[in-house]
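**Student:** Residue strings, one per chain:
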Amino acid sequence: MTEHTPLIEINDLAIKFGSHTAVNNVTMDISRGRIMGLVGESGSGKSTLANAIIGLLPYAAQISHGSIHFDGRNLLSFTAQDWGKIRGKDLAYVSQDPMSALNPTLRIGKQMLDIQHFSEQSTTEKLANALAALEQVRMPQAQARLSMYPHELSGGQKQRVCIAMAIMARPKLLITDEATTALDATLEVEIVQLLKELQKDIGCSMLFVTHHLTVVEELCDDVTVMHQGDIKECGTVSEVFSNPSDKYTSNLLTCDPSRIEEKCRRLPIMFNLGLKELADPETDRKRINNKSRPLLSIRHLDVTFRKPRSLIDILTGKPKQRVEAVKTASLDIAPGETVALIGESGSGKSTLARAAFRLVPSEKGEIYFDGTDLLSITNADMRSFRNEMSLMMQDPIGSLNPRMPVGTSVIEPLIVSEKASGLNLRDEAIHLLELVGLSADFVDRYPHEMSGGQARRVGVARALALRPKMIIADEPTAGLDVSIQGEIFNLLAELRESMSLSILIITHNLHVVRHLADRMVIMYHGEIVETGTTENVIRAPKHAYTKVLLEANLQAKYGV
Amino acid sequence: MLAYAIQRIIVSILIIILAVTALFVMIQFVPGDPANVMLGPRATPELKEALRERLHLNDAFIVQVYYFFSGLMQGDLGVDLTSNRPVLGILIEQAPFTASLVASTLLVTLLGIPIGTYAAVHRDGFFDKASGVVSVSLIAVPPIVIGLYLILFFSVSLQLLPAIGAGEGFWEILLHLVLPTLAIGLTWIGYVSRLVRASMIEVLGQNHVKTARAFGIPNQRILRAYVLRVALPATITVLGVSIGFILSSAVIVEIVFSRPGIGKLMYDAVISRNYPVVMGTVLASTVFIVTATTISDLLNVMLDPRTKDEN
Chain A
543 MTEHTPLIEI NDLAIKFGSH TAVNNVTMDI SRGRIMGLVG ESGSGKSTLA
593 NAIIGLLPYA AQISHGSIHF DGRNLLSFTA QDWGKIRGKD LAYVSQDPMS
643 ALNPTLRIGK QMLDIQHFSE QSTTEKLANA LAALEQVRMP QAQARLSMYP
693 HELSGGQKQR VCIAMAIMAR PKLLITDEAT TALDATLEVE IVQLLKELQK
743 DIGCSMLFVT HHLTVVEELC DDVTVMHQGD IKECGTVSEV FSNPSDKYTS
793 NLLTCDPSRI EEKCRRLPIM FNLGLKELAD PETDRKRINN KSRPLLSIRH
843 LDVTFRKPRS LIDILTGKPK QRVEAVKTAS LDIAPGETVA LIGESGSGKS
893 TLARAAFRLV PSEKGEIYFD GTDLLSITNA DMRSFRNEMS LMMQDPIGSL
943 NPRMPVGTSV IEPLIVSEKA SGLNLRDEAI HLLELVGLSA DFVDRYPHEM
993 SGGQARRVGV ARALALRPKM IIADEPTAGL DVSIQGEIFN LLAELRESMS
1043 LSILIITHNL HVVRHLADRM VIMYHGEIVE TGTTENVIRA PKHAYTKVLL
1093 EANLQAKYGV
Chain B
26 MLAYAIQRII VSILIIILAV TALFVMIQFV PGDPANVMLG PRATPELKEA
76 LRERLHLNDA FIVQVYYFFS GLMQGDLGVD LTSNRPVLGI LIEQAPFTAS
126 LVASTLLVTL LGIPIGTYAA VHRDGFFDKA SGVVSVSLIA VPPIVIGLYL
176 ILFFSVSLQL LPAIGAGEGF WEILLHLVLP TLAIGLTWIG YVSRLVRASM
226 IEVLGQNHVK TARAFGIPNQ RILRAYVLRV ALPATITVLG VSIGFILSSA
276 VIVEIVFSRP GIGKLMYDAV ISRNYPVVMG TVLASTVFIV TATTISDLLN
326 VMLDPRTKDE N
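Sequence lines, in order, name chains A and B.
Numbering-wise, the first sequence is residues 543 to 1102 according to our numbering.
Numbering-wise, the second sequence is residues 26 to 336 according to our numbering.
If you are wondering where the hints come from, they were derived from the structure by calculation, not from laboratory data.
C-beta atoms are modelled at their ideal positions from N, C-alpha and C, and glycine is treated no differently.
Some hints here could point you the wrong way.
From the structure, some residues in chain B lie toward chain A, with a derived Cβ separation under 7 Å [what the hints assert, rightly or not]: (1) 235; (2) 236; (3) 239; (4) 240; (5) 242; (6) 251; (7) 254.
If you only want the chain A side, here are some residues facing chain B, beta carbon under 10 Å, derived [as the list claims (entries may be wrong)]: (8) 600; (9) 627; (10) 646; (11) 659; (12) 691; (13) 852; (14) 857.
Turn these sequences into a full structure, and let the hints steer you where they fit.
**Tutor:** Right, dumping it as structure tokens:
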């Protein structure tokens, strides 16, 4: 156990779920004091490997052979008592989803006391430790947070609490499983910076599990690439990223939209790198019809939410609290144009899109769709307009009825809007599925029988069912692996050319925007702070928030 | 928390007033003249008129409601038409029998929590499967059937436990409570244990439990503060509502076991159209049920602060 032996030595490890092999004969080391990035697509076995190291594999998982040594001790022979001695002390863990990682019924301070269960210190001393840790992760008003409950904190603050808990242990190994995936781009950068500093402070090793290649490049010293349970490549970040020796790794890097500098009409995908095609200003100009009136025109729109009052508020005559979600927003989308609506969570971008559908009531302003003022027509008339604008949901699997075959889900909009008569619905479903590149046999599949990318395609097919003039896509690539991101991107790009669709993308993934969008609209605290063509906004951002956002996302190498 | 509690209590009082008013309306529509029923066919019209006057039956409905509530404020619930005793006094005399039965049933019902917890932690084990079968069987049998078989077995065959009455003196009272409590409670133990098991299993799979495990927090502490505490609110809500069912089972069980109590009192009063007593017993049970749901709501807020902020 000298300084030179690795902290974690994994030898020929295989983990199975029933007959399915999740981790296949993996051999890997994590060196002392270094940050190891573990990348791979969903289902590659990276989380399973991380869970095996901390001994928290799901019930159904079975280790068929191999060994994991931590500091020279075999973790696979550990009893519950042994684990109790190293978890939260030598090993710390930050989980995937900060929203659900904390106990909703205990105050933050109490939970931070609980994890010091092995310490002999008094409660006062333990609370002081907790406070110090919160200050170390730069939590604003750290003292007050101790007596708050998790639901009173924002997502970023919760993640800070989780990290504070992890570093409080001053562990030898810190495992983070997709710790920044659920966060906004600007927050992600902050958290990555924080992790980097803390790791240096404590001098611990770190295993950073993610599918986000840019973050790995930014944060990690070493990287391991996993694919379908196998390790494809392992080495220092600079080595692997500049000169990948494995085909899979190099494809993965080639397909990452953030590494493709020029604007693309089609992105390369894992199975077809030759698909890449650069954008052509002439085709783009032809696609957008700027001469006629805009398809969607929003003028000075205000959306205000009123919080319900409690009985005591009513009795004491307190006025209703108003939240201004959207403030005097104006926005035009031409036929065939793709506009990206960008902003952090809570900036009002989703509310603005929902208001355009009249799914939330607007306070003031005008919404014109194809020349008609949507705010002045009746609900019955609104129905026919809803058929012309489709919403693509953020969570593709969650937005499909799990008990309904995919084919039925796809044609459901036709049935609901009473446009199904006279159509052969099965043929129509097959046609729609083929339009988005899925074969006819998907008609009879159920949502759980599909991958994330396929579900996303079904979402597109359903949005197209009524032949809309416009699609509003809420985070169309969120949570998708790099290769599938490219597929969905190409699908949208093809559809807008063949069907002259207008697309409004709501997202915080600037890399996809950079390739796909004609114009960018930046929202901040309910206001549209900047609009412009994608090239102009990226080259010369005006608003301070836009600058921060671009820096966080695109980094120096794209000329920002 | 205090503001929420006050708010919740005000709402509860409003519910009680509404429920009692609704009951008043329903009694108005019961066919037959109460004066006739009470005084019998041979009473003179003057006598009947006097009784109507005394019961405010000639006044408008709203005025009757007013008399009832103003009487209520002064602790006057009217008099029993057969014995001429104040209803309040009768209620105070009978309430302890029912209250002790409901309380002991609730206590027994709480046994479902450890049973459900153990079944969830040792999921698919022998205990889990056995308790599942027994629970579902018990849920399916109505209290009156369980009650009759308990009497047959423990009182008639084994002659171990008393079957009739409420008993006097601490130990006697306790012995007399055993069979009625089991008659109502067995069903609820089964129900609660299934419920606790299901929500425990759900919470055990949640992310925060994994975090707690990853920090090596001792298992007992995880089960208590990270699993049960999150899983219990659903069960407490059901228990709050169950008080109503337990109380209505108590009516039947009190008759089966010939126990005195609010249930038996209510039953007799309805049969003899003794309206003041009917109103009194219903008022007592309404107050009891509303109080129980209020307590369960407040307990939930104490356990899970999100409940309060959602309201």
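**Student:** Each hint should be assessed against the structure and marked as holding or not.
**Tutor:** Cross-check of the supplied hints:
no.: 1; hint: 235; verdict: holds, 6 Å
no.: 2; hint: 236; verdict: holds, 5 Å
no.: 3; hint: 239; verdict: holds, 4 Å
no.: 4; hint: 240; verdict: holds, 4 Å
no.: 5; hint: 242; verdict: holds, 5 Å
no.: 6; hint: 251; verdict: holds, 5 Å
no.: 7; hint: 254; verdict: holds, 5 Å
no.: 8; hint: 600; verdict: holds, 9 Å
no.: 9; hint: 627; verdict: holds, 7 Å
no.: 10; hint: 646; verdict: holds, 6 Å
no.: 11; hint: 659; verdict: holds, 6 Å
no.: 12; hint: 691; verdict: holds, 5 Å
no.: 13; hint: 852; verdict: holds, 6 Å
no.: 14; hint: 857; verdict: holds, 9 Å
Taken one by one, the earlier hints all hold for this structure without exception.
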